[in-house]
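A.B. asks: What follows is the residue order along each chain.
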Amino acid sequence: MLVIKNLYAKAKDGKEILKGLDLEIKKGEIHVIMGPNGSGKSTLSNVILNNPKYEITSGEIYFENELINNLKTNEIAKKGIFMSFQTPVEVEGVKISEFLKTAKNSISDERVNLFKFITNLEENMDKLSIKKDFINRELNVGFSGGEKKKNEILQLLTLNPKLAILDETDSGLDIDAIKVVSNGINLFKNENNSVIIITHNAKILENLKVDYVHVLVNGKIIKTGDSSLAKEIEENGYSKYLK
Amino acid sequence: MEYILNKTPIRTTNNFKVNDLKLDLDIIKTKFKDFKTKNVNINTRIENNFESKIGLLEDKYLFVDVFNNNEVGYLEYDFDNDYLTSLINVNASNLIIIFKGDNAFLNTKIVINKAKSVSIVNLTSKDSKSFISIENNTNSIVNFIELGGKIKVSNYYSVINEENSINTFNSIYLGKEDEVLDLNYYIGFNNKNTKGSINVEGVLLDNAHKSFKGTIDFYEGSKGSSGDELENVVLLSDKVISRSLPMLLCHEEDVSGTHAVSKGKIDEEKLFYLMSRGLSEKESKIMIILSNFNKILDNIPDINLKNEIINEISKRL
Amino acid sequence: MKTRIELDDNIYNKKVKEESVSKIVGLTKEIVEEISKEKDEPKWVLDIRLKALDYFNKLPMPNWGPDLSMLNLDEISTYVKRGINTSDKWEDVPEEIKNVFDKLGIPEAEKKSLAGVGAQFDSEMVYHKVQDDLKKQGVIYCNFDTAIKEYPDLVKEYFTKAVPIMDHKFIALHYALFSGGSFVYIPKGVHLDNPLQSYFRLNSKGAGQFEHTLIIVEEDSYLEFIEGCSAPGYNTLNLHAGCVELFVKKNALLRFSTIENWSKNMLNLNTKKAYVDENGKIEWIMGSFGSKISMLYPMSILEDNAKCEMTQLSFAGKGQNLDTGLKVVCNGKNTSTVVNSKSISKDGGICTFRSNVLVNKKASNSKLSLSCESLMLDSISRSDTIPSCTILNDDTIFSHEAKIGKISDDTIFYLMSRGLSEEEAKSIIVRGFAEPISKVFPVEYAVEMNRLINMELEGTIG
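Residue numbers (the working numbering), protein chains in the order written: chain L, 32 to 274; chain B, 12 to 328; chain Z, 8 to 469.
No lab work stands behind these hints: they were computed from the structure.
There could be a bad hint or two in this list.
Residues from chain L shown here face chain Z by an in silico Cβ test under 10 Å; the list is partial [to be verified]: (1) Leu98; (2) Ile99; (3) Thr104; (4) Lys126; (5) Thr133; (6) Lys193.
Chain Z stretches covered by chain L per the calculated footprint, using a threshold of three residues with CB under 8 Å from any CB of chain L [said to hold, decoys possible]: (7) 413-426; (8) 435-444.
Pulled from the structure, derived: some chain Z residues nowhere near chain B, Cβ distances all over 10 Å [stated by the list, open to error]: (9) Trp71; (10) Asn312; (11) Lys314; (12) Leu384; (13) Ser390; (14) Asn400; (15) Thr403.
Given the structure is predicted, the values throughout are model-derived calculations rather than measurements.
Yeah, the Cβ is synthetic: ideal placement off N, Cα and C, and Gly gets one too.
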């Protein structure tokens, strides 16, 4: 589904962050990327979505066999990649319902049936125990950490992408947030879609069936293993990889 | 002769008289007197035919060049019943300029070419008239304490031309009896990622008449810059006249600018709290006002001078 | 764009064939006398016109604000008469004019939700209607010219009392040439559940419009009044120098909403003033989209416990200079003023917020809070905030905040990561920015406003 080959990328201000990263995600898999601060975890998700703050210096990103390096962010989203944000931006005056409708219309080839859309949205809200009036609030404005997280997961379920990249670097210590995310992934996951979880805390993985764990250090994946690798890192830290 | 001073960079409706200050004045010619100095070298000479964009400088003036290194330098002018028209050029690291005296006539322009911080303290009093024009051509912090006498006119002008540089102007003013204060402060942003701020704290009592004009001006090309402007004034009498015109001009999309003005009487809850601890009303008020002033006074690199200013403010209140 | 409400953009450009129109170019005493004669006015009205003409000739052009030097008063036909009398039957309105108003949805709107509608075409009021039950309660809503004839005592008592004829050059011009406009009288204790609405439209090329609106809301009454203004796109400069005088009596509330979408060749120099008596309240709601230059600063004069609220949105595009704001004079104690202004500039458009606040000595315990936010969509545009404030007592609480915002790259990236195009993302952000203002507008205007915002943003992003 997603293939990344020998990827080098830097921030717009010049500092090289990813230095020859390789990664392959197949349909139906859950991958976890772990790594210490500054290893390039957040950069990776931003580069996949082509955030203009970053620049690919060399290497390729393929999604369903199509090169997506140079696509605009919204075109990548339309292909079926979703990224959750650590700190979702507050957009004043824009209601969640209005925003979701616009987004769903944008990524769908056909015009979305409003009735179906609303039914689906209400179902998802039920599953996440979100109150009805929540979608009349302004997008992320004044949200608590937990509410922001729920809103991201609600968007994930509603937009229903092929690949979800969940940047959970910050939520390692918040137990409620962890529950929301792992519950959300289980609701989302089926045999046809894939998930990448970016974290440095193994707690989030407890209720999930993880296929691969990758260790990202200094802009490169230096070890890949199964879920036991996450446990090992939780116990021993990254020190043995940092040399 | 009538002088029109402190013109605003953009004019607005004239019905509230904020655009400029009209004053009938006899400009007194330059008289030479030595500055008291510490830690600085100065050159002084009298020159003719100086052209000045702002301020009141006449054709003949005292020219003062100030140099120093890393220590705090002092330039002090003490002139009871005396007068001074001067142009002070600052090439120093940390400089304090003090004006003192009763019934003084002070007409000065201060041009800052190089400095880390410059503190200008106007302690003239009674019938004194002061005209202080400050031009900042570098990245220094300027602190201006305007206590002055009967008429106090001041302006600050700075355009930030260098990328990534910072310009800060802090000022405290006090007006009482029937004193006239006219303040016109301007910062222009002329390059990328610059920062500038105008912070003004004031107090007015009796029949004082104050006009504050502050301008934050983002030029085209000042991307990534941020500027803020704040005037906070406490009004202690219902006979004061307090005018404010805090302008925010913007010709660039990628900037952040804020300005805020707040005026009003002293916070009654604070007053009640202090009085419940045994302070008199007057002591409490002075304490509250000084607490507003403190964050600016803290920038003055000389504790003794700071205490002298606090004493002077308390005395005048 | 899928979220956009599809409407026919061209309805604002419908021009009616110009015919049977006697245009008078330039301004002399004779012209003023002729206008008065044609209207068959009493002498006291003519006297006001002539005195005003005198002031107009004497008063200087404003020496601040937008540059008005392109204005040549000799070239502007100052009065356009279409030989139409005001009607209260929609069927009597000439077909061509009706078509324009039909397109603009005026009669439909009336049927739906309005208590009364007035429509002014160029200088004359063509249609005025107020529901019968309101008439029975003593509500008057008619053409201002009619009011002079039918309610002379009321008009005499209030006319020119809020806005004096020598206030400034363009108000003097207005009083010399005023024609049409609305007169509204709400008697004591009448609460209008539905708004009254006036629609102004300039149709003739190079025409000026000098309508006078006078509204009196007596004690304990409530009125919502909506003004809509538009003109088709001619190339000649048009001038609009209207005047609005509002009297809000004790415990009364007046909500005055204006949507201006003049064509981009209009000089809109409008003067509005409200006297608010004890415990009364004025609510100004203003949306400015059109015109080449606007200078508009509604003034509120507040007595004891009176309140003023203003909600304002300006959107300046290419070639537009929208200089708007307000004036407030606090005369009585315990007054309260809350101002919320937002502006959007793009393509070299200039938005200026200009305010003048005066708190008099008697106005103790006054509270004023002003907040301005501007959004710049590019760096060739301008956005200036020029607030002046004079306080003459010691227990006023005044605060003014201003903020320049831009559309942050992070926000655009966030929205694009959810599938929105850059254009859609910008448009949704701008509409969100305008949301707190557009939500206080009547619903059909809010829809219209979103449409205007989308129209303005269309094609601006590469």
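A.B. asks: All hints, please: hold or fail.
C.D. replies: Here is what the structure says about each hint:
The closest approach between the C-beta of Leu98 (chain L) and any C-beta of chain Z is roughly 19 Å, which is over the 10 Å cut-off, so the hint fails. Using the Cβ-Cβ criterion of 10 Å, the hint placing Ile99 (chain L) at the interface with chain Z is not satisfied: the shortest such distance is roughly 13 Å. Interface restraint check for Thr104 (chain L): the shortest CB-CB distance to chain Z comes to about 4 Å, inside 10 Å, so the restraint holds. Using the Cβ-Cβ criterion of 10 Å, the hint placing Lys126 (chain L) at the interface with chain Z is satisfied: the shortest such distance is roughly 8 Å.
Using the Cβ-Cβ criterion of 10 Å, the hint placing Thr133 (chain L) at the interface with chain Z is satisfied: the shortest such distance is roughly 5 Å. Using the Cβ-Cβ criterion of 10 Å, the hint placing Lys193 (chain L) at the interface with chain Z is not satisfied: the shortest such distance is roughly 13 Å. Check result for the stretch 413-426 of chain Z against chain L: holds, 11 residues qualifying (beta carbon to beta carbon below 8 Å, three or more required). A stretch counts as covered by a chain when three or more of its residues have a beta carbon under 8 Å from one of that chain; for the stretch 435-444 of chain Z and chain L the count is 8, and the coverage holds.
A beta-carbon of chain B comes within 10 Å of the beta-carbon of Trp71 (chain Z); the shortest separation is about 4 Å. The non-interface label for Asn312 (chain Z) is consistent with chain B: the shortest C-beta to C-beta separation is roughly 19 Å, beyond 10 Å. With 10 Å as the threshold on Cβ separation, the claim that Lys314 (chain Z) sits away from chain B holds: the shortest Cβ distance comes to roughly 19 Å. A beta-carbon of chain B comes within 10 Å of the beta-carbon of Leu384 (chain Z); the shortest separation is about 6 Å.
Interface exclusion of Ser390 (chain Z) from chain B breaks down, the closest Cβ pair being 5 Å apart, not more than 10 Å. For Asn400 (chain Z), the shortest C-beta to C-beta distance to chain B comes to about 4 Å, within the 10 Å cut-off, and the non-interface label is violated. A Cβ of chain B approaches the Cβ of Thr403 (chain Z) within 10 Å, the least distance being about 6 Å, so the stated non-interface status is violated.
Violated hints, in rising order: 1, 2, 6, 9, 12, 13, 14, 15; the structure is consistent with all others.
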